[in-house]
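Colleague: Counting from 49, one number per residue, gives the positions in the sequence shown under the numbering used here.
Worth flagging that the hints you see were computed from the coordinates, not collected in a lab.
Predicted model, so just to flag it, every value in this text is computed and none were measured.
Some hints here could point you the wrong way.
To be verified - Calculated pairs, DSBU-like style, for lysine-lysine (alpha carbon to alpha carbon, straight line, at most 35 Å): (1) Lys-141 - Lys-115; (2) Lys-106 - Lys-65; (3) Lys-106 - Lys-141.
What the hints assert, rightly or not - Just the calculated beta-carbon pair ranges, DEER-fashion: (4) Tyr-160 - Ser-112: 20 to 26 Å; (5) Gln-96 - Met-162: 30 to 36 Å; (6) Thr-105 - Gly-164: 39 to 45 Å; (7) Met-49 - Lys-115: 23 to 29 Å; (8) Glu-69 - Thr-97: 21 to 27 Å; (9) Ile-53 - Thr-93: 37 to 43 Å; (10) Val-133 - Trp-70: 27 to 33 Å.
Glycine residues also receive a C-beta, built at the ideal position from the N, C-alpha and C atoms.
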Amino acid sequence: MAGGINVAGNLSTTYPKVDSEWVISENPDIIITWSGSNQGWANTTEPQTLRNNVLNTKEWANISAVKSGRVYVINYELLFGLDSVVGLTYWTKFLHPEFELASSEAIYREYYEMLGEAYPEDLIQAYPIAEGI
């Protein structure tokens with residue numbers, strides 16, 4: 049929905065398990081991974097570790113996404129349910145950084161306001177954090 053192509057989209061299962069050689073053969077331009085962290089991360093330690101695990105996998109050094117640094121981590125909670133609207137804005141920014149769209153944080157803040165809930169201040173929803181995301 050954000051305009052990317054899932055390199056595993058044609059595989060027979062919804063959540064396929066693939067090996068490192070398969071990822072290398074597909075040579076993705078962008079890698080997006082996620083972690084279950086409830087409402088977000090209080091600091092960058094976990095998402096940075098997850099990202100670094102991808103970036104520092106020696107076998108993956110020549111994958112386009114790794115070479116360009118286009119490896120992202122997103123809070124699992126933003127991938128399903130009503131929060132997925134916000135998650136989609138992050139994915140759009142990951143895939144198309146040139147696309148003009150309100151910041152994902154601003155959209156998430158507005159979503160919380162519509163629910164009458166307090167926005168979870170100081171929580172990180174995606175990593176790395178970039179201007180406008």
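Colleague: Are there hints from earlier that the structure breaks, and if so, what are their numbers?
Modeller: 4, 9
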